Amino acid sequence: MWGMEGRGVFLAYIGSILSALLCIVYGIINWNKPKDGEVKEIEEEVKWETKEPQD
Amino acid sequence: MNILLLSIIVLVYLIIIAYLGYLGYKQTKNATDYLVAGRKVHPFIMAISYGATFISTSAIIGFGGAAAVYGMGLLWLTFMNILVGIFIAFVIFGKRTRKMGHNLDAHTFPELLGKRFESRFLQAASGLLIFIAMPVYTGSVMIGGAQFISQTLSINYAVALLFFTAIVAVYVIMGGLKGVMYTDAFQGVLMFIGMSILLFFVYSKLGGITQAHKALTALAPEAIKIFGAGGHRGWTAMPLFKSPMWLQLVTTIVMGVGIGVLAQPQLAVRFMTVKSDRELNRAVGVGGLFILMMTGVAFVVGALSNVYFFNNPATLGKISMVAANKSVDNIVPLFINTFLPPWFTAIFMVTLLAAAMSTLSSQFHTMGTAMGRDFCEKGLGVKGNTMNITKISMCVTIIISLAIAYFLPRFLETGSAIIAIGTSIFFGLCAAAFLPMYFGALYFKRMTKAAAISGFFSGLLTSLFWLTFVHAKESVPLGICKKLFGVQTLAGASKWALLDPIVVALPVSIIVTLVVMFCTKKPETVQIDKCFEGIK
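These protein sequence lines are chains D and V, in that order. Oh and the first sequence: position 9 is 1342 in my numbering, straight run, nothing missing. Oh and the second sequence: position 75 is 169 in my numbering, straight run, nothing missing.
Same shape as in the complex, but just chain D (with noise of 0.2 Å):
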């Protein structure tokens, strides 16, 4: 298994790569989501410049 001696080093290997593709697969399936995120963003924004904490 690409040179590897034990299978569970392999797994490893193969688990780190195929967990990091996974991440990446998710940040672009994800990538505009949510879709409602904007209103949403604005309305928080808005309710946060009114409980600026002391400064």
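Some clues are possibly wrong.
Lysine to any residue pairs mimicking SDA-like chemistry, simulated, CA-CA at most 25 Å apart [said to hold, decoys possible]:
#1 V:LYS299 x V:GLY478
#2 D:LYS1366 x V:TYR537
#3 D:LYS1368 x V:LYS134
#4 V:LYS589 x V:PRO338
#5 D:LYS1366 x V:PHE138
#6 D:LYS1368 x V:ILE182
#7 V:LYS630 x D:TYR1359
Since the hints were made in silico from the structure, they are not lab data. Just so we're clear, the structure is a prediction, and the values are computed from it rather than from any experiment.
The hints should help you fit chain V onto chain D, whose structure is shown.
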């Protein structure tokens, strides 16, 4: 190495860092900017900053050296770092942390917990734990960074420590979290480039991926000859199940660090720096790839260094550990210095400097906010300007860390052990004290203040007991067990002495949290509705 070339590269690097720190300073107008970077950070900066904070020089040098000893089994930690440290952290914890942080107007990790459970005591206690325990971890990172600078530039350790700390302190104190995250992002990009070149060089010089692995597999008899008694079966195989090496690898390295990362205050606060879940979704991909290229490359290269040293005429027949005079922390620097071209050595040195500085800056910031905002302001009720209180607190915590980093290596000769111990103590304590409460805060509406406080103290005390009296890795150098009971560990020669505190303290904390949660009265609906507003 060409000192002139290195000096020029370091100078250019420092000028860019100074500029980015200044940018953070200029853009910091209020406490929200200073504490959570204005909550409008770009997903790329957030992801790289998270990754660069996560990965310190000791992760590359220390754990890379460990891979030269344990072998590629360490890649299970990379797997955990990506799946748990990035995917689960961002998707399961990050989104709710961000939203709840917004709902509760929380500016720090302890403040999130304190406001969620309506307990100033919990906020102050969490802040105090960070303030007391984090300097040990920070001191370890400072020792690693300063030792590396003093060896590379052949300067005095104290001088290296002072300059290194002063540079980071200035941009953290002046620029707040914006300064920290901007510099982190730049340092992260440098780290990514450095590690990518390293991976390419190593595989190509050793004849390709499979060929390199085959050469390492062929060295298994050497590994068994030297480490066989501990359970080693070669660098491309896992150690023997339940052997001392297996226990060390799986419980301390893979689980201790792999799970511990979820409850790191300096990382959790980053979820509150972005304005929506969309930024977190985008950051997941960047973060996953970044961590793969950091620890994944460090562990593969660390293990493969054995092939190089064993076949290199100057160290013929010697494995990495022997070639580096039995100093695990010297393996990666020695490998870089002898195996790679001089121009790359200079670049790699800056990569390591960036790794140390990016972790350190976030530690300074988190310690300062924990003491200033959480302990002094909320716990002791100190009135005043949040930014100024935090800045003063930051100075105090930096001086404490500096003292630890200066004096600790004088008392203990094993510098490499200090770095590993300091890191694992902090990771273990945070996981046991914070993780059940943090998860409960985000997911269980039924979670009560009493359950949170009980889980916090049971996890903290169990962890402290285990590392002081049972886990040999800490109990032996601490020496408290020896003084009180005349033995180095209460576990004697049994395998309990090898079991990491997190394996015991985390389940204890989870059980106590759950039991108390179901034995106490449900929290007020009004507070729960406020916390979970907009959270499905």
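Now the hints, each set against the structure:
no., hint, in the structure
1, V:LYS299 x V:GLY478, "violated (60 Å)"
2, D:LYS1366 x V:TYR537, "holds (21 Å)"
3, D:LYS1368 x V:LYS134, "holds (18 Å)"
4, V:LYS589 x V:PRO338, "holds (7 Å)"
5, D:LYS1366 x V:PHE138, "holds (16 Å)"
6, D:LYS1368 x V:ILE182, "holds (22 Å)"
7, V:LYS630 x D:TYR1359, "holds (20 Å)"
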